[in-house]
Amino acid sequence: MRFKTDLKNIRTFSKLTAALNSLEKIAWVRLDDDTVRFTVIPDTGSQVWASLSVDLIFDNYHLQSAEANNTINLELPLGPLQRALKSAANSNHANLRLTKRDGIPMLSMTIHTITKEAAGGGGRSSTYDPDDPFAAETSDIFQQESLELTMKREREKVITQDIPVRVLHPDTVETIMQPKVREPDVHIQLPPLLQLKAISDRFTKLALTAAASASAGRSGGAANANPKLELSANMHGSLRLRLVTDTLDITSVWDGLDNPELDPSQLAVPLDEHPSTRFRLAGADKWATVRVDGKDWSRVLSVGRLEGRVIACFSDDHALILYVYVPHYDDASGEDCVTYYVSSYSS
Amino acid sequence: MVLNFTLSEEGVAVFHDALACMFKFSDDVCLEARKEKLTLTTLNISKSAYICFTFAANRFFSRYNFEGNAQYRDRFFCQLYIKSLLSVFRTRQGDPSRDKDASIERCDVAIDDGPGKKSRLVARIACRNGITASHSLAFEPKAPTHAKFDKTQAGNHWSISSRTLRQLMDHFGPGIELLDINTDEENRVVNFTCFTEKSQKRNANSNEAVLKKPLHTNIAVEMDEFDDVQVQGKLHIIISVKDFRAILQHAQLTSGDLNTTYSDPGRPMKLSYSGDGIICEFILMTVGEKDANTQKHKNPRANTAAAAAANSGRNPQTGLDSGSHRGSSVLANNDNQQSQRQQQQQKTPTRGPLAPRQPQFEIRPPPMPPPATARSDSLFVGQDDDQLWEPVNPDEDDEEDDADNARLEWNTTANEPVILHIPTSNSSTTCKLTKGAPQNPSLRISSYLPRPNAAEQTQNESQPTHLSAGLEPTQRLSEVRRFGLFSP
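As given, the protein sequences belong to chains A and B, one line each in that order. 1 is the number of the first residue of the first sequence in full-length UniProt numbering; add one for each residue after it. 1 is the number of the first residue of the second sequence in full-length UniProt numbering; add one for each residue after it.
Isolated chain A, as found in the complex:
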């Protein structure tokens, strides 16, 4: 079993890792000849299936496995991966390979980097500036700061970050299946996630505050620590976020959003019979609604850092799925999509 690759688009990789890490600490990574897939399934909360073309984040990719279809399945802690990618962020070159240290499998990241002397930061102004040859003009009892020092040749440093991993047997992962959901009633492109997240978080905090003050008034009584938000969308470009508590009922509505066209060739049913067509014909008052957990939703929305286009698919009172299309900064055009199965609650 061999895996060795150079890294590219480290920023994108790092952001994806951060987004996944906000939901769960450990990911299942599946590597094969064409795609690298990250799957995160928390005990409670939304699960994520991210499928990226190898070319998006890897270069000079070498994979060799005895498993069927040349795949490697790994269990990988996301925190250390994120930390290692941070190290690699401004590097000249970084690669990743599967290896063993003390008998324990490791994903070893080798980073070639240069420190920035100028960006030392925090240096206390002129008097102690080591770059100033006049700073140490006198006193022979104190060490002289020579000019030569500042001319010091800067060499490349080699940083090795070893991330502990577990190699999974194909049998273990065989049973893990991507969820199947019925055709969505409404599909809509979400507004900028930063905006959506700010408002959602505001609602969640309000709900928590309201619950806390209510329970304080009633002396005891379990405060609802997991407020639910109501998300609705129609086929006429509107998205509605709503919070209802004993004392509050607030709603935020976005209009003029895009309901992307469906590609008939990709559909299991003719376009005319597709649920979204019925919702479109039923008019702007026909909403598909799901309820999501405020805190979980906030973690889901952290995927906004990827700056991709996000399509939300609503199955009324049933499910919410987000498709996040990872933007490409180079010419590559793969099917790079991060799919969020947002855990939803019945009303």
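Hint data in this document are derived by calculation from the structure and do not stem from the laboratory. These numbers come from a predicted model, not from an experiment. Keep in mind that the hints are not guaranteed to be accurate.
Stated by the list, open to error - Cut-off 30 angstroms, straight-line C-alpha distance, at most; resulting in silico cross-link-like pairs (DSS-like, lysine-lysine):
#, chain 1, residue 1, chain 2, residue 2
1, A, LYS86, B, LYS212
2, A, LYS295, B, LYS212
3, B, LYS212, A, LYS100
4, A, LYS116, B, LYS234
5, B, LYS212, A, LYS4
6, B, LYS212, A, LYS8
7, B, LYS234, A, LYS4
8, B, LYS212, A, LYS25
Given the coordinates of chain A, work out where chain B should sit on it, guided by the hints.
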């Protein structure tokens, strides 16, 4: 007036930085004033780190006047709480939006002591907006503890830009506690390796635990980047990451270059740098290879050595021979050790023929983490500080006699690279830097002071004619032996 001096605005800031750095190691600081210099020293609770900042009287201060009195003729010393000093010397922000500038113009400090006088340190801070704040601090007349580091015994040294090193430390992730500074076989690079033994101890074999291990980070820096470098090949020196970070955080403020000197595992390491009128020195205890000597060894010879050390460990005088840190090399006789050491002091990339080659890293038992420093204002977020929140166990001290957990103490039979001197007015004792952290928070340096710890040899460095960092002991140990304070 025993002592008075004036600090400029810049001086106050530098003074504050120094105290803030010390505060990461200890709660109190010893101030020692002489004619030509002012010294701040402290020793951390577990006595694994000694810090000494020396300020030049004629260079650092705008004005400096040591008068002394009958009691303190040559030098004055006292102990103060760092916290209260920090609040005195904190930098005031000049606010340009207001018409008055609240920044510090100067700071006058006066210390008075003696019969019939109030023993106080009085600091008068004059701000540019015309406000003068006076602080009067009480102090304790306590003699400082000084650690001495014998450079001649430490053959390995290098120096490098502290900013470069500080930036490299950013690559280390959270949850690590040990830093292993080592060289590879060809002696091309110096490696800084960060790791922890923590989670491994709990449940090494459990699958989940494997993934919970923190990132294992290694940074290889080419020899070319160091100045004045001479390091023995394949040598592993392990210190606490927290201490190292605390030092670098301060070092990057003051100076370009950080100098380190060290000898062998289990022996102290000295780090120093200097700024304008200030010398900063740190002596850190490094983790000895035998610290966990009951743990499994792959090498039977090392096992024997460890067992021998464990047996003799009952006796603090002969216990934990720091000379035997190198596994099988303990079997070499004294002459061998001597010649080996000499070789180290010469060009030492290759080890002497008498030193048996061994797969050093493999046989080295997992080292015990060095004691956590009292405070851990880490510069880095997400630091795992669990240990700090553990309930205090007053019995812990007693249990440390277990061979497993034994304190590392100085071997008194061999030449010592470091001896701590406690010069007091009437006697001079030597105290040991100990390993293994006494967790008892009430345990202070003071509780060790009356305890006579014997050491056979004091090695005085040649008395410097110029201002030098640190302070020299006042008496030789042999001179006070007759007082019967020491065991034979």
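Exercise. Is the Cα-Cα distance between LYS116/A and LYS234/B 30 angstroms or less?
Worked result: Holds, at about 29 angstroms.
Exercise. Does the structure keep LYS212/B and LYS4/A at a Cα separation of 30 angstroms or less?
Worked result: 23 angstroms, holds
Exercise. If you draw a straight line from the CA of LYS212/B to the CA of LYS8/A, is it 30 angstroms or shorter?
Worked result: Cα-Cα ~26 angstroms, so holds.
Exercise. Regarding the pair LYS212/B and LYS100/A, is the alpha-carbon distance no greater than 30 angstroms?
Worked result: Judged against 30 angstroms, a Cα distance of about 16 angstroms means the pair holds.
For this session: With a cut-off of 30 angstroms on the C-alpha distance, tell me whether LYS234/B and LYS4/A pass.
Result: 28 angstroms, holds
Exercise. For the pair supplied as a hint, LYS86/A and LYS212/B, is the alpha-carbon distance within the 30 angstroms limit?
Worked result: 19 angstroms, holds
For this session: With a cut-off of 30 angstroms on the C-alpha distance, tell me whether LYS295/A and LYS212/B pass.
Result: 24 angstroms, holds
Problem set entry | 30 angstroms limit on alpha-carbon distance, applied to hinted pair LYS212/B and LYS25/A | With Cα atoms ~9 angstroms apart, LYS212/B and LYS25/A stay inside 30 angstroms; holds.
Violated hints for the displayed structure: none, as all numbered hints are satisfied.
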